[in-house]
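**Student:** Order-wise, the sequence lines are chains A and B. Each residue of the first sequence is one higher than the one before, counting from 1 in full-length UniProt numbering. Each residue of the second sequence is one higher than the one before, counting from 1 in full-length UniProt numbering.
If you are wondering where the hints come from, they were derived from the structure by calculation, not from laboratory data. Predicted model, so just to flag it, every value in this text is computed and none were measured. Some hints could be false.
Under the rule of at most 25 Å between Cα atoms (straight-line distance), these lysine to aspartate or glutamate pairs were calculated in the DMTMM-like manner [stated by the list, open to error]: (1) B:Lys-123 to A:Glu-259; (2) B:Lys-123 to A:Asp-281; (3) B:Lys-184 to A:Glu-191; (4) B:Lys-123 to A:Glu-280; (5) B:Lys-221 to B:Glu-192; (6) B:Lys-123 to A:Asp-228; (7) A:Lys-214 to A:Glu-191; (8) A:Lys-253 to B:Glu-192; (9) B:Lys-184 to A:Glu-288; (10) B:Lys-184 to A:Glu-123; (11) A:Lys-58 to A:Glu-123; (12) B:Lys-184 to A:Asp-230; (13) A:Lys-299 to A:Asp-11.
Label pairs and their computed distance ranges (CB to CB) [stated by the list, open to error]: (14) A:Ala-132 to B:Thr-21: 22 to 30 Å; (15) B:Asn-41 to A:Val-111: 54 to 62 Å; (16) B:Glu-201 to A:Asp-261: 47 to 55 Å; (17) B:Arg-209 to A:Glu-280: 25 to 33 Å; (18) B:Lys-184 to A:Pro-107: 48 to 56 Å; (19) A:Gly-219 to B:Thr-218: 40 to 48 Å; (20) B:Arg-24 to A:Glu-80: 41 to 49 Å; (21) A:Arg-283 to B:Ser-216: 30 to 38 Å; (22) B:Tyr-230 to A:Gly-278: 28 to 36 Å.
Where is the CB? At the ideal position from N, CA and C, for every residue including glycine.
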Amino acid sequence: MCGIVGLFLKDKTLEPKLGAMLSDMLVIMTDRGPDSAGIAIYGAPSDGRAKITVQSAKPAVDFAGLEALLKPVDASVTVELKSTHAVIETDATQSAAVRDLLAEQRPDVRVMGSGDSVEIYKEVGLPKDVVARFGIREMGGTHGIGHTRMATESAVTTLGAHPFSTGADQCLVHNGSLSNHNNLRRELVREGMSFETQNDSEVAAAYLTAEMAKGKDLGQALTSALDDLDGFFTFVVGTKSGFGVVRDPIACKPAVMAETDQYIAFGSEYRALVNLPGIEDARVWEPEPATVYFWDHEKAA
Amino acid sequence: MDISVNRESLEAMRVFDLATTPLRELNSALHAIAPGTNDTNFEVVNPRGSHAVAVGIDQPVTVDVRGSVGYYCAGMNDGGTVTVHGSAGPGVAENMMSGTVVIEGDASQYAGATGRGGLLVIKGNAASRCGISMKGIDIVVHGSIGHMSAFMGQSGHLVVLGDAGDALGDSLYEAKLFVRGTVKSLGADCIEKEMRSEHREKLAELLERAGVTDVSPTEFKRYGSARKLYNFNIDNAEAY
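Between the sequences and the hints, there should be enough to build the whole structure, so can you do that?
**Tutor:** This is how it looks when you write it as structure tokens:
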């Protein structure tokens, strides 16, 4: 099964509540998959700054003295510890150098996601425990996506949890299973992409990253995915300012969307949406098969 | 005690608030109804997308659900009248035996799947696989239906006032399909068929039972099985 949720805010007054709203949506979806849970939150980017969300199985060891370790590369670096994760904020021009040093000095630390605005938190366990562990409810932001996993295609590990991020400020959650992911992974590796897991959903994320790197926008990349990905999927995808949804042509993986003047929301089931403000009067619909839905804060502005 | 007052209290609506009452209490109460009882009016409030609301009814009770439901609402219904004043998730009225289920809003995929009898009315649109493997149920959709609807339908009627998606009636047996709008594509072995007087009469009856008053049976086309997949065709032997 798997449960997926997404929320794209139009009304700025709701932004401080994004984490709380998305957490509620995800916790309701718990019985669709108890293996692991994750959330990506897109906060307001600050000029010239970049964020790297990292994770460690041994945070007490790996995160000890991390800020001091990275200071020589970027004096402005800050490290905020959150349980097994840490958010490293750097000068945007020094982000790559910080990552290189991190990989060299702390090889067991894994990068969950990076970019101008995204923070990604994911762990093995139930959504309620995962959102509490990382304080997701207190986080604000413009849009976000979440996932609770019933594993089918790869191991139940932190790295196998969703969202998958394979490019700056990009992430994807997936309900379904792909059947051509091994072939596609080989092709993407040949194109220069690298992979952390054997997971099928990571391949979908990397595919979209590769397509967008060729100049496509999120909507165009999702349209290509309909031709190139084989299998069952409902995807919800985030970029720095965009939010997209697509289902495979068979569309047996469930999906419900709602739109009001205040937000666009996605849930695997209507249950995930029932606590949203004004849901009684929202336009609620089931996304069509093989149809790309795509919104962008920058294009809307 | 005044006997009429007593009867009135017996016939009173029983209200289940799913925000405060476990779903199992509702379904247990529905299953506990003995034949011939007067206690037949139920109202369900705050369903909030719950799964399996009012499943397994086997007495002629009336259930009004105030809001939208999740998976499998009114599944296996045998004689009940269930109205959802909202939309329904996947598998509404799955394997209905008899009775009536009305969805005031939209229905998700495989509405009325495998149904053996009764009437399912969807006042909005139905998604993919509406009436898949239907075996005697009658389904009337006021709006449109999605792809692969009536797949392997064996008997019963599917009436669509709007349009049908891809592969309507794929591998159809003897279910009869009536579509007023366009059909995006027909599935394997499904063809348009002549609308004879007995079909128009049946359609008129179904439209009336579904509360449709402003649409004439003459506006529909009928689709059914070409019956070419019924038996093995020796000319296809090489395909195996």
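**Student:** State for each hint whether it applies.
**Tutor:** Hint-by-hint comparison with the structure:
{"no.": "1", "hint": "B:Lys-123 to A:Glu-259", "in the structure": "21 Å, holds"}
{"no.": "2", "hint": "B:Lys-123 to A:Asp-281", "in the structure": "18 Å, holds"}
{"no.": "3", "hint": "B:Lys-184 to A:Glu-191", "in the structure": "39 Å, violated"}
{"no.": "4", "hint": "B:Lys-123 to A:Glu-280", "in the structure": "18 Å, holds"}
{"no.": "5", "hint": "B:Lys-221 to B:Glu-192", "in the structure": "7 Å, holds"}
{"no.": "6", "hint": "B:Lys-123 to A:Asp-228", "in the structure": "37 Å, violated"}
{"no.": "7", "hint": "A:Lys-214 to A:Glu-191", "in the structure": "11 Å, holds"}
{"no.": "8", "hint": "A:Lys-253 to B:Glu-192", "in the structure": "31 Å, violated"}
{"no.": "9", "hint": "B:Lys-184 to A:Glu-288", "in the structure": "14 Å, holds"}
{"no.": "10", "hint": "B:Lys-184 to A:Glu-123", "in the structure": "44 Å, violated"}
{"no.": "11", "hint": "A:Lys-58 to A:Glu-123", "in the structure": "13 Å, holds"}
{"no.": "12", "hint": "B:Lys-184 to A:Asp-230", "in the structure": "23 Å, holds"}
{"no.": "13", "hint": "A:Lys-299 to A:Asp-11", "in the structure": "15 Å, holds"}
{"no.": "14", "hint": "A:Ala-132 to B:Thr-21: 22 to 30 Å", "in the structure": "28 Å, holds"}
{"no.": "15", "hint": "B:Asn-41 to A:Val-111: 54 to 62 Å", "in the structure": "59 Å, holds"}
{"no.": "16", "hint": "B:Glu-201 to A:Asp-261: 47 to 55 Å", "in the structure": "48 Å, holds"}
{"no.": "17", "hint": "B:Arg-209 to A:Glu-280: 25 to 33 Å", "in the structure": "30 Å, holds"}
{"no.": "18", "hint": "B:Lys-184 to A:Pro-107: 48 to 56 Å", "in the structure": "54 Å, holds"}
{"no.": "19", "hint": "A:Gly-219 to B:Thr-218: 40 to 48 Å", "in the structure": "43 Å, holds"}
{"no.": "20", "hint": "B:Arg-24 to A:Glu-80: 41 to 49 Å", "in the structure": "45 Å, holds"}
{"no.": "21", "hint": "A:Arg-283 to B:Ser-216: 30 to 38 Å", "in the structure": "31 Å, holds"}
{"no.": "22", "hint": "B:Tyr-230 to A:Gly-278: 28 to 36 Å", "in the structure": "53 Å, violated"}
Hint check: violations occur at hints 3, 6, 8, 10 and 22; the rest are consistent with the structure.
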